[in-house]
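Line by line, the protein sequences give chains F, V, U and H. Numbering-wise (the numbering used here), the first sequence opens with residue 1 and increments by one. Numbering-wise (the numbering used here), the second sequence opens with residue 1001 and increments by one. Numbering-wise (the numbering used here), the third sequence opens with residue 2001 and increments by one. Numbering-wise (the numbering used here), the fourth sequence opens with residue 3001 and increments by one.
Possibly wrong hints are sitting among the right ones.
Said to hold, decoys possible - The following label-pair restraints were derived from C-beta to C-beta distances: (1) F/Arg387 / H/Gly3157: 56 to 64 Å; (2) F/Ile546 / V/Arg1201: 56 to 64 Å; (3) H/Glu3266 / V/Gly1498: 51 to 59 Å; (4) F/His455 / U/Lys2013: 53 to 61 Å; (5) U/Phe2247 / H/Gln3261: 50 to 58 Å; (6) U/Arg2276 / F/Pro385: 14 to 22 Å; (7) H/Asp3020 / U/Arg2276: 45 to 53 Å; (8) F/Asp402 / H/Gln3261: 41 to 49 Å; (9) F/Thr409 / V/Arg1459: 49 to 57 Å.
What the hints contain is simulated information worked out from the structure, not anything from laboratory work. Where a beta carbon is used, it is the ideal one built from N, C-alpha and C, also for glycine.
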Amino acid sequence: MNDTPDTTTDLSLALIGSGGAGVMTAGQTLLDAAATSGYYGLMTRATGPQIRGGEAAAILRLSSRPVECQDDRLDLLLAIDWNKAERFADELILDGDSLVIADPGQGEVPAWVRDSGAHLLEVPFDRLTREVRGARANTIAVGLVGRMIGLEEADVDRTVRRILENKGAKLIDAALASLKVGYTTAGDLPHPSRLGGRSSRPEPRWLITGNEAAGLGAVRGGVRFCAAYPITPSTEIQEWLAAHLPELGGSLVQAEDELASINMCLGASFGGAPSMTATSGPGFSLMVEALGLATQAEIPVVVVDVMRGGPSTGIPTRSEQSDLNIAVHGAHGDAPRLVLAPNSIGDCVTTTQWAVHLAEALQCPAVVLSDQRLGQARAAIAPPPVRDWQARRKLATEVIDDYRRFADTEDGISPMALPGTAGGQYTATGLSHMESARPSASGTDHQRQLDKRRHKLERFDFGDDWADIDGDGELVVLTWGSTTQPAREAIARMRSRGHAIRLISIRLLSPLDADTLTEALGSGRRLLVVEQSHGGQFHRYIRSHIELPADTRLLARPGPLNIGPGEIVAAIEEMTREEAA
Amino acid sequence: MNDTPDTTTDLSLALIGSGGAGVMTAGQTLLDAAATSGYYGLMTRATGPQIRGGEAAAILRLSSRPVECQDDRLDLLLAIDWNKAERFADELILDGDSLVIADPGQGEVPAWVRDSGAHLLEVPFDRLTREVRGARANTIAVGLVGRMIGLEEADVDRTVRRILENKGAKLIDAALASLKVGYTTAGDLPHPSRLGGRSSRPEPRWLITGNEAAGLGAVRGGVRFCAAYPITPSTEIQEWLAAHLPELGGSLVQAEDELASINMCLGASFGGAPSMTATSGPGFSLMVEALGLATQAEIPVVVVDVMRGGPSTGIPTRSEQSDLNIAVHGAHGDAPRLVLAPNSIGDCVTTTQWAVHLAEALQCPAVVLSDQRLGQARAAIAPPPVRDWQARRKLATEVIDDYRRFADTEDGISPMALPGTAGGQYTATGLSHMESARPSASGTDHQRQLDKRRHKLERFDFGDDWADIDGDGELVVLTWGSTTQPAREAIARMRSRGHAIRLISIRLLSPLDADTLTEALGSGRRLLVVEQSHGGQFHRYIRSHIELPADTRLLARPGPLNIGPGEIVAAIEEMTREEAA
Amino acid sequence: MNSAVEQSITILKHKDFKSDYKPVWCAGCGDFGVLNALTKAMAALELKPENLAMIAGIGCSSRIPAYTSAYGFHGVHGRALPLATGLTVSRPDLTVIATGGDGDGFSIGGNHFMHACRRNANLAYLVMDNSVYGMTKGQASPTTECDWTGSKLSPQGTGQPPLQPLEIALAAGAPFIARAFSNSPNELARIIAEAIEFKGFAFVQILSPCITFRPEQLGWKKRVHEGFEPTDDRAAAFAALAGDDGFTTGVLYRAPRPSYQPDRYESVDIETIQKRFEVHS
Amino acid sequence: MNSAVEQSITILKHKDFKSDYKPVWCAGCGDFGVLNALTKAMAALELKPENLAMIAGIGCSSRIPAYTSAYGFHGVHGRALPLATGLTVSRPDLTVIATGGDGDGFSIGGNHFMHACRRNANLAYLVMDNSVYGMTKGQASPTTECDWTGSKLSPQGTGQPPLQPLEIALAAGAPFIARAFSNSPNELARIIAEAIEFKGFAFVQILSPCITFRPEQLGWKKRVHEGFEPTDDRAAAFAALAGDDGFTTGVLYRAPRPSYQPDRYESVDIETIQKRFEVHS
Ligand SMILES: Cc1ncc(C[n+]2csc(CCOP(=O)(O)OP(=O)(O)O)c2C)c(N)n1
Ligand SMILES: Cc1ncc(C[n+]2csc(CCOP(=O)(O)OP(=O)(O)O)c2C)c(N)n1
Ligand code: SF4
Ligand code: SF4
Ligand SMILES: [Mg+2]
Ligand SMILES: [Mg+2]
C-alpha cells in the first residue's frame, strides 16, 4: 500500500457501527452523493438479530460502470465502533490492500480485522463529534470517506441538504459542519484509492431499490389493485404500491392474512382489475391453494415472492433462491403457471412488468421470484428500458349468445367477460368444467380444459426475453435471478484472462422451452450451473426438462451470504484447470 | 355366446340405478358374499354430481386370485333402471361377450349398451318386487346375480343376515325372500360364466377399503393423535381414526381448518405423541407452510393425502396422481421430506405404517400419497403382512447438561427431549438455528443444519421396501401408487404372451435413491413410465434425479377414468411393435 | 316490513334471475328456498343480472352462484369474503353478494368473517346455516349442537358450545346483522333485499335445513319465530341476543357507517412517478 | 387480589424461569415487563420449568418462549393456538401457555382465536397487544386505531374500527377473559397466575407498548386503570365492555366449565381392531 492516491473505477467500502450510530444513513448518503457525482453504485444492508438498534453494516460499491453486486473484498472499512462487529466477519472481507478506519477510543480492533493485514488508520470520531455543536459521527464519516474516495464536496453537501430538506435549518447546518470536519480530517490522511473514470457528461441515473423497482414494474404493466399482508423482505413493495396506486386510480387493501390477500386479488381480477400481491416464502406457502384456483378458473394474478432464507421462518432478513420448487410446483393437481425472475435491480422493473403483461394475456397466475438481495439493495443504475408490455386481457365485450367462458380456441385463450357485460354471465369455478364453465366430472371435459390450459402457455410466443444470453465459448454458465450479476462479473474477469464463456440467465422459468434452451446451450459445451440454494433446485428443475451436457457442474449453496463473483471464478477455474489437466 | 355356463376365475360386473335404488348396498353385499365364499374381489363406486341420490354404479370384480384393479370390460351389467345411465358410458365397457340384464319396463336401452353388441336379458324387477311383501329390487338383483355367477346361496343369505343384523327380523325376512326371488329368476336364465377356481380351504381374507387400511396402518405404526378437517375423498380415514384412536388411548380433534389440523398435529408431536392427519389436495395446499416448519424444527408428522382430480377443487370424487409435485416440492426453502405411496389397498396399511415409523425415526414430516381409487374402493384381500415398524423416536431421556436439541450427530438424527424431561428444555423453532436450537442467522449454522437434515435422510437405510420390483426383461414398466395394480396385470398378460417385462413400482418417492433406482432399471433396457397425471409429473421427477434410457415412453393422462390394464397393454404393445418393425 | 319491496316481489319475474342449471341439491334441501327468495329479492330491487356478482366458497350452499343468472365466482373453501372484498373494492359499481355455508363461513372462513365485519366493505353476506357440513356428508360444523352424535368424526358429540354468528358479527363490528329462515319466503326475500340495499357489510344468517344429514331440522319450521327489532345500539343488540333461542328472525342490528373504500384518485401518470427515482445531478 | 400469590411472588426466584438468551427486543419494549411478570407468576405457582410449555407464533412478542427456561415452540405466524391445543390435549399433564402479539393472534391467527375460545382446551393465552406489527416494522394491526397514519402501508389510516378482543372472546365463548398492562407488574403477574391456574381456555389481553413504532404508547401508563370485576354472567360482561375505554384492567369474566378433552380409553389392542376386518367364512 502506498500513500499516493491511485485512481480506480470501482471501489468497495463498508461502514459499521452499533444501533443508533447511523451507518445506514451514512451509507445511503454516500451512495446518493456518488450517484449525483455521476457514478453507479449499490448499497446493501446487514444487521444483527435485534429488532431495532442492533449492530449494522452498510456495504457499498461505487463504480464508473454499472454494478449490481458487491465485490468479494473491501477497499475500505470504516468502523464508528466495534460493538459486535465480529458478526460481520464472514461478510466483510479484508486483505493487505484494504484500509480500515476506526476510532482508537472504541476499544480493541477485532481479530478478523487485525489478522487480515489491512492497513489501519485511527480517527477519533468521538472526539471530533464533540468539537462541533450538534455534530454526528456518521455524518463526519460521510465527509471523511467522501473526500477520501474523491467525491466532490459540493455533491456531498447537496445530497445531505436534499436528504434533510424538511428537517429544519439547524439540523442542516450541523450536518454541513459535520461534513466539513470529515473533509478536513480526510485531508490529513493517506488516500489509497480514489474513484475516477466517470464520463464527463453523466448519463441519466436512477436511485432505486429492487422492491421499489418491482412496484414500478407492476404499475407500468397496469396493476391497479393490490392486497397485501406485511412480510420481510417484501413489505417495501407493498408500501410503495400503497403510496402510488391511489395516485393512479387504483387501490391497496391491507388484508388479515395471505389467504385473504391473494383471494382479494383474484376477486379484483375477476372484476377486471390487473392485480398483484407481494410476499415472501411463508406467505407464499399460504397462497398456493388460491394459485391453483387461478390456474383452473383462468384468473390473471401476479405474486412477487421476495425470497429469503428457508425453510420455514428461516432467515427472514437474508437472501436465498430456494423458493423455485414451490413457485413452479406449489399447487395440487396439474397447475402450470408462469414463473419469472428478475436478474438485477433494474430488471425488477422489466420482469415484473412483463409478468403482469403475460398473466393478463394468458389469463393465469404469474409468480415473480425476486429475493432479498435484489429487493432490499439500493442502487444507482441506468434507467431500465422502456417496454410497451401492458395488461391487455382478451375480453368478451359484446352481448353474446351462448357465451362460453372457457371456449377451446386456437391459442387456448378464451375471451373473458367482465361483470357488467350483459350476456356474459358465467360462474368462475375451481371445479373441472366444460367450455361453458358448467361444472363437469367428465373425462373429456377435464382433459380438454387441461389441454387448453397447457396449450395457451406452450403456444404463446414469449420472444427473446425468456433469458439474457451473453457471449460465446466452450463453457456455459447457466443461472437465474440475483446470482446473474456476480456470474456476469465472474465471466468478465475470466474473459479478461482470455477465456471464452457464455452466460445464460433464464428469466422465464416456467414454462421452460426445452428446445430453445437446448439450442442456447449448444452442443459439446461444458456447463456450470450457479444458484443460491442448498438442494440445487434450479439444477434439478432444468434437468427435469432437458438433457444436460455430460460435463455439468453445480455451484449451489444456501444463504445467508451471497454468492460473489470470486466464488464463481473459482468454480470456473476448477473446471478449466481440470480440462487442462 | 352360448348357454352352457363356463367357469371363469375372474368376473367383472356392474350394478347401476338411480338414487335410492340401492345399487351400492347390493354391490357391497355381493362383494362380501363372494369373500365369504372364499373369493377375492374389489368394488368401486361411481356417482353423478348430485349430492345425494343421483345415479350410481357399483363396479365389481370377483376372482379366485387377488385382484386390486378393475378389468377393462364387463362380463355383466345389471340395470335396475336406465336413469342417466349414459353418464357411465365411458366407464362401463361392454362387448359381444357381455351380458346385460335390465327391466324392460324401465324404458329404452341406452345407445352405448345397445351398440356394444352385448347380449340383453330382460328381467322385470319392478314386477318381481311387487310379488313379495317388503321386497326390494336391489336385493332381488343380489340373489339373481349371486346365483348366476355361482355363489353359494347359503353364503349370500348369511352375508345379508350379517349386514342387516341390527335391523330387525321383519327386514331380514323380506330380504331373504327377495334373495329367493332372485335365485329363482336366475334359474330360468342362461348363465354365461360362473365363478370358480377358489381353493377348497380358503385363506384368511379381509374386507377393507384403502382409507380404512390407511387408518389401520397409522395406528399400527403408533399414531395416537389426529387432528382433521373433513374433505373428500379422505374423510373415511379421519372417521376410522375417530372411532379407533380413543380405544387405543389416543385422541382425535376436529379442527376448524387444515391450518389448524396440521399445526395441532405438530403440537401433539412436539409433546411426544405420534401424530397424523389425512386430507386431499385443497387441504394439503394449506398445510405446506406447517410442513416446512416440521422440516426445520424436526418434528415428526404424517399427512395422508388421498389424491383427487385437480387442480383446485377439480373433481373431488375421482382419482388422479397429480399431487406428486406438491408433495415433494410444496414448501418454500430447501425442505426435504419423506414422500411415500401405497400401491394397493392392502399396501395402504403397510405404507402408512412405514411412513409413521420413518417420520418418527427421522424426525421429519412424511407425506403418504394415496388416492381416491385406493381409498374409496372396498376389497376382499389377503391380510396385509405383519411388519414390526413402530414409532421409535430417538429421545433425550436423562437430565443432560448443555442439551443440544439439534446436535449434529453421525446419522444426522438428534435426540429429542420431550416436555417433562428435566434439563431438556429448548425452544423448537422455524428459524434457522444452532445445534442448541438458539436462533441464528449465521451461514455456518444455516449450512450445518441444512446438511444435517439432508444427511439424516440420505444416510438412513431404507432397505428393500423403497420399491416393489417384479420380474425381469428388456422392457421396464416404471410406475407408482394406484397405477401399479393395472400395470401388474398388464405385464402378466404380456408375460402370458411370452414377453419378458420388469415392473418397478416406487413406494419411497422421496428421498429418491438415484443409484439404487438406476441399478434396478439396469442398462440397455427400454422404459415405459405409467402415471395418472396430465403433466407427467412422475416422469419429470424421476428425470430430475437419474438419466433415463434413451428409449423412454410415457403413458400419462389425467383422471377421472382410471388407467386400466388394457391401456397399459396397448402402450407396451406399441413399444414392442416398434421394436419389431 | 318494507311493503314496496314486498309488492314488487310479486310483480317482477324472479325466474329471470335463475340459470337453467339443475341444482345438485337433495330434494327438500333448504337451499332451494334461499335461491327462490334471493332471486325474488333481486327482481324486487330491479337489479340487472349482469351487474350482480355472486361469490361463494365450497359446500352445497356455495353452489348457489351458478344457479342464478348473475356473474358468479365459486372459489375455494372458506375464501368467499376475500374474493368479494377484492371485487367490491375495485368495482364499486357492481352489486356484490357473498354466500356460503356455516362450515365455509364460520369454520375455515371464520377469520375472514370477523375481519369483513370490521372492514365493512360494501357487500351482503348470506350464510345458509344448516349446522352441518352437507357437502362432505355430515360432519359437525361450528354451529352444531355440542351433543349431536350424528357424525362419525365426533361420535360422542363435539363437546363444544355452538358458535353464535350474530354475537360474533356484533362483537366484530358488523353494521347490519339479521337472521332469517329458508322456509319463510317473504320475510327472507325482504331481509335479503334489505341486506343488498344496505351500503356496507350486511350479514344474514339464514337457517336452511339439511334434509339429508339433519332431517330433524324439518322441525325448525315450528321453532322459528319473528322477533328481532332493528336497533343501532350495540348494547341493546347484545341484550337481545342474551335472550335469544337461536330461532328468532328479523334484522337485529342496523347502524350504517361509511363503508370501506380505499383511496383512489387518478392524479398523476407513471412518468411523473418515475421521475422521483431520477438522480438530480 | 389473591394475597397468597402476591406474597409468594416476592419469595420465590423468578429468575430461574428465565433463560440466558438476551431478548432481541428494543430497550424499553413492553414485552420485558411481560416476561418479568410471567416468570414471577411461574415462580409463584411453584411450577417446574420442564413441565411448562410456552407456545408462540411469529412477532417480537412471539419470541418470548426462548427467553424462559420452559420448553418452547416458536411456530409459524398465527398458529400458536393450534400448536398449543394439540399439545395440551395429548399431554394434559403439562402446563401449556400460548403467547403472541395482536397481529399473530387477531389478524392471521384470528380464526384459531375464535375457535380456541369455543373449544376451551386447557391452556392460557397471553396476547401482548401493542396495536402494531412490531416485527415487520410498524404496520397497523387489527387493534390499531382507525386513524393512525404511522404506517406506510395505510398512510391514510386503516379506516376500520379496531377489533375488540375481549368482546370477541366473550362472543366466542371463552370462559376466562382478562386485560392487564405490561407496566403494572404485580397485577399482571397475578392475572397471569390466575389464567394459568384456570382449568380451560384463559385469555389475557396484555397492553404492552411498542416503544419503537408506537412511542406514543408510553402514555398508556396514565390511561390504564383497574376496574373489571370478575363476573360469570355474559350479559353483565358485555355490559361492562360497553362502557370500556380499552384501558380497564382486571379479570372481566370467569365462568368455569369442563375443559375440552377428547375421549381416550385404552380398552383394546390393535389385534382386536384388526379382527373386525376379517371375513367370517
Ligand atoms: C381446503 C378445503 N378443505 C376441505 C374441503 C372439503 N369441504 C367441502 S365443502 C365442506 C364443508 C361445507 O359445509 P358448509 O359450508 O356448511 O356447506 P353445506 O354443504 O352444509 O351447505 C368441506 C369441509 C375443501 N373443499 N377444501
Ligand atoms: C405467513 C407469514 N406472514 C407474514 C409474516 C411476517 N410477520 C412476522 S411477525 C408479523 C406481525 C407481528 O405482529 P404482532 O403479532 O403484533 O407482534 P409484535 O411484533 O407486534 O410483537 C408479521 C406480519 C410471517 N412471518 N409469516
Ligand atoms: S346434503 Fe344437506 S345441505 Fe347438501 S344438498 Fe343435501 S340437504 Fe342440502
Ligand atoms: S419493535 Fe416494538 S414490539 Fe418489537 S421489540 Fe421493539 S418495541 Fe418491542
Ligand atoms: Mg352447512
Ligand atoms: Mg403487535
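Hint check:
1. Look at arginine 387 of chain F against glycine 3157 of chain H: about 36 Å separates their beta carbons, and that is not inside 56 to 64 Å.
2. Separation of isoleucine 546 of chain F from arginine 1201 of chain V is about 57 Å and conforms to the stated range, judged on CB atoms against 56 to 64 Å.
3. For glutamate 3266 of chain H paired with glycine 1498 of chain V, a C-beta distance near 56 Å keeps the hint of 51 to 59 Å intact.
4. The hinted range of 53 to 61 Å is not satisfied by histidine 455 of chain F and lysine 2013 of chain U, whose Cβ atoms lie roughly 41 Å apart.
5. Checked against the hint of 50 to 58 Å, the C-beta distance between phenylalanine 2247 of chain U and glutamine 3261 of chain H comes to roughly 31 Å, which is inconsistent with it.
6. For arginine 2276 of chain U and proline 385 of chain F, the hinted distance range of 14 to 22 Å is satisfied, since their beta carbons lie about 19 Å from each other.
7. Restraint check, aspartate 3020 of chain H to arginine 2276 of chain U: a C-beta distance of roughly 48 Å satisfies the suggested window 45 to 53 Å.
8. A beta carbon spacing of about 58 Å between aspartate 402 of chain F and glutamine 3261 of chain H contradicts the range 41 to 49 Å that was offered as a hint.
9. Distance hint check: the CB atoms of threonine 409 of chain F and arginine 1459 of chain V are about 53 Å apart, consistent with the given range 49 to 57 Å.
In summary, the structure is inconsistent with hints 1, 4, 5 and 8 from the numbered list given earlier, while agreeing with the others.
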